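This is what each chain is made of:
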Amino acid sequence: MIEQMMKTKLFAWIDRRTGAEAIIKSQLTEYPAPKNLNYMWNFGSLALLMLVLQIVTGIFLVMYYKPSAEATFGGFTVAFDSVERIMRDINFGWLIRYMHAVGASMFFFVVYLHMGRGMYYGSFKEPRELLWIIGVVILLIMQGAAFFGYLLPWGQMSFWGATVITNLFGAIPVLGDFITQLLVGGFAIGDPTLNRFFSLHYLFPLLLVAIVGGHVHALHVVHSNNPEGIDLHKPEEMIPFHPYYTIKDAFGVAFFLTIYAYIVFFNPQFAGYFIEVDNYVPANNLSTPAHIAPVWYLTPWYTILRSFESKLIGVLAMGGSLAILFVLPFLCKSAVRSARFRPVYKIMVIMFFVDVIILGYCGHSAPTPVLKIVGQISTAYYFLFFVALPFLPKFEKTKPVPEGI
Amino acid sequence: MNKTNTWMAMIAVAVMGFSTSAMANSGGAHLEKAQIDVTSQEQLRRGLTVFTDVCMGCHSAKYITYSGLMLYPELGLSREAVDELRGEKSLMSGMISDLTPADAIESYGKAPPDLSLIVPGRRGGADYVYSLLTGFEHDPHNKIPDGNYNRVYPGHRIAMPDPLSWLDHDPSETEELEQQANDVAAFLAFIGDPHQNERRAIGCWVVAFLILLTLVLWRLKVEVWKDVKH
Numbered sequence: 001m002i003e004q005m006m007k008t009k010l011f012a013w014i015d016r017r018t019g020a021e022a023i024i025k026s027q028l029t030e031y032p033a034p035k036n037l038n039y040m041w042n043f044g045s046l047a048l049l050m051l052v053l054q055i056v057t058g059i060f061l062v063m064y065y066k067p068s069a070e071a072t073f074g075g076f077t078v079a080f081d082s083v084e085r086i087m088r089d090i091n092f093g094w095l096i097r098y099m100h101a102v103g104a105s106m107f108f109f110v111v112y113l114h115m116g117r118g119m120y121y122g123s124f125k126e127p128r129e130l131l132w133i134i135g136v137v138i139l140l141i142m143q144g145a146a147f148f149g150y151l152l153p154w155g156q157m158s159f160w161g162a163t164v165i166t167n168l169f170g171a172i173p174v175l176g177d178f179i180t181q182l183l184v185g186g187f188a189i190g191d192p193t194l195n196r197f198f199s200l201h202y203l204f205p206l207l208l209v210a211i212v213g214g215h216v217h218a219l220h221v222v223h224s225n226n227p228e229g230i231d232l233h234k235p236e237e238m239i240p241f242h243p244y245y246t247i248k249d250a251f252g253v254a255f256f257l258t259i260y261a262y263i264v265f266f267n268p269q270f271a272g273y274f275i276e277v278d279n280y281v282p283a284n285n286l287s288t289p290a291h292i293a294p295v296w297y298l299t300p301w302y303t304i305l306r307s308f309e310s311k312l313i314g315v316l317a318m319g320g321s322l323a324i325l326f327v328l329p330f331l332c333k334s335a336v337r338s339a340r341f342r343p344v345y346k347i348m349v350i351m352f353f354v355d356v357i358i359l360g361y362c363g364h365s366a367p368t369p370v371l372k373i374v375g376q377i378s379t380a381y382y383f384l385f386f387v388a389l390p391f392l393p394k395f396e397k398t399k400p401v402p403e404g405i
Numbered sequence: 001m002n003k004t005n006t007w008m009a010m011i012a013v014a015v016m017g018f019s020t021s022a023m024a025n026s027g028g029a030h031l032e033k034a035q036i037d038v039t040s041q042e043q044l045r046r047g048l049t050v051f052t053d054v055c056m057g058c059h060s061a062k063y064i065t066y067s068g069l070m071l072y073p074e075l076g077l078s079r080e081a082v083d084e085l086r087g088e089k090s091l092m093s094g095m096i097s098d099l100t101p102a103d104a105i106e107s108y109g110k111a112p113p114d115l116s117l118i119v120p121g122r123r124g125g126a127d128y129v130y131s132l133l134t135g136f137e138h139d140p141h142n143k144i145p146d147g148n149y150n151r152v153y154p155g156h157r158i159a160m161p162d163p164l165s166w167l168d169h170d171p172s173e174t175e176e177l178e179q180q181a182n183d184v185a186a187f188l189a190f191i192g193d194p195h196q197n198e199r200r201a202i203g204c205w206v207v208a209f210l211i212l213l214t215l216v217l218w219r220l221k222v223e224v225w226k227d228v229k230h
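First to last, the sequence lines map onto chains A and B.
Start counting the first sequence at 1; every next residue gets the next number (this note's numbering).
Start counting the second sequence at 1; every next residue gets the next number (this note's numbering).
Hints in this document: simulated from the structure, not taken from any laboratory.
A hint or two may mislead.
Stated by the list, open to error - For lysine-lysine, the following BS3-like pairs were computed, each having C-alpha atoms within a straight-line distance of at most 25 Å: (1) Lys229(B) - Lys25(A); (2) Lys143(B) - Lys234(A); (3) Lys110(B) - Lys143(B); (4) Lys35(A) - Lys33(B); (5) Lys35(A) - Lys229(B); (6) Lys372(A) - Lys311(A); (7) Lys143(B) - Lys25(A); (8) Lys311(A) - Lys346(A); (9) Lys9(A) - Lys35(A); (10) Lys25(A) - Lys35(A); (11) Lys234(A) - Lys229(B).
Since the model is a prediction, treat every value here as computed from it, not as a measurement.
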């Protein structure tokens, strides 16, 4: 199909002025990809799909959403009312809003699996360090966008979640109060906070688009890693991206959309994981919910924060747990990339994945003394994993790496 | 294949972690299961009657308009029935109680919550509503006066006076009162998300189409890939 399209006169006209043919060839129809990529390599395209879906649904939601914390009858606000108007009165507003709310969780789900794949197969290692670092920037912006977006419905969990998180900045010495007030737009979460969060919630996805462009560009310079984690040189080890990976990604997209649609149409709240029960209660600054927890995708970091008695150390640890991802490529010194040939790393990284899930569980549950200790041990392992990486090559006996695939 | 299994196992662990904590999440007092069917016009209309006759004495449901009672096919009230319910209020008005929040605070100590979102907004949803309405008991510690003690309400001291007169009711009435509690729980579950039946109906077609599309693209992928040697 693409070949026929490229033979038309119109395409020739465009090509003379843009060089489109060379771009399509080098980036798509002749872009070489390893032939042995497994299905864990599908999550990149799924993340891109979710980014697009979030932006498209978000644009439509903004047409009816009103960012105002002005009180309305019955203890509600203009913002809360506008969300309910979308859910009840706007044609298919419920569909767009559920797609957006569920989409946020699905976006994080695929991005976390995408990152896990990168860690397992050593995709962050030389020469793909910058590719990984750009990816971490994307994660941070995503988390920011999700946090800002969660305030917008102005429910109880929106309000109190934002209160807890913005108060964290108060722990920073000297500048803490100033930064908090700048972020909140006053001394407490209120209408100015809602307006600036709304502005930032619209800005961050645009930043994401630009940075994702950089991420894809960086990928296309260094090319994909593969499950064996080896450099491929022979032409018979590579296949063109189109049609092989376009069709494989299309299959992955259809499979993923089936699950996504099932959740959107049949279980959009996902037992309070995707839309929290407390967020159906309008924000009330006089009534604190019994248990404040962020949405599941932020809970691992919330546990790290809560694991320390001192607020400042907690904040530093939480920031550090994300910042340490930036230096992962420089901490991991083994010449072998894939965990397939690194027996010790393989156990460590799988334990790391389980550890993050435990951290997430602890952060989502109401705090108990047992969970606190579990959270602290998990926090310790989270950091231990990164600290141990530079010393691993000293004693790890790697398995022989294959010559080719 | 071995590698794929490792990934499958990891994803399975993650999903299991989710579901177990989802179960732990319900917590609190034991809730009775509400017998509701949000597609049943009969039950929803009975629930509406309980709502207008009992709940609306104090509570509002501002997101449900009187015209909505005609337009949602699940309720499908006639114009005459709606006119009788709304009295002087406009068709586009929400179902607002005649008791003002200020008067409610004077009489009961707090403003009654709006009930439009009470089912999605409470852990246990419709089961919670049903259990609350049938949860008025004598305080075992004799501290909270009768009518203000509720088995399932957090802290047990509830400002709402026993709306269905459940406490010390005659055993012959049990069935009728349970029916009323179920009916109004069904109505509240419906208005919490009034497009839910439409959503599930459309969802069947969407998911069926996507399964078909997935199968077609899977066969196409296998076909395209058959010349790639591993």
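Inset, instruction - Provide an ascending list of the numbers of those earlier hints which the structure does not satisfy. - result: 2, 4, 7, 8 and 9
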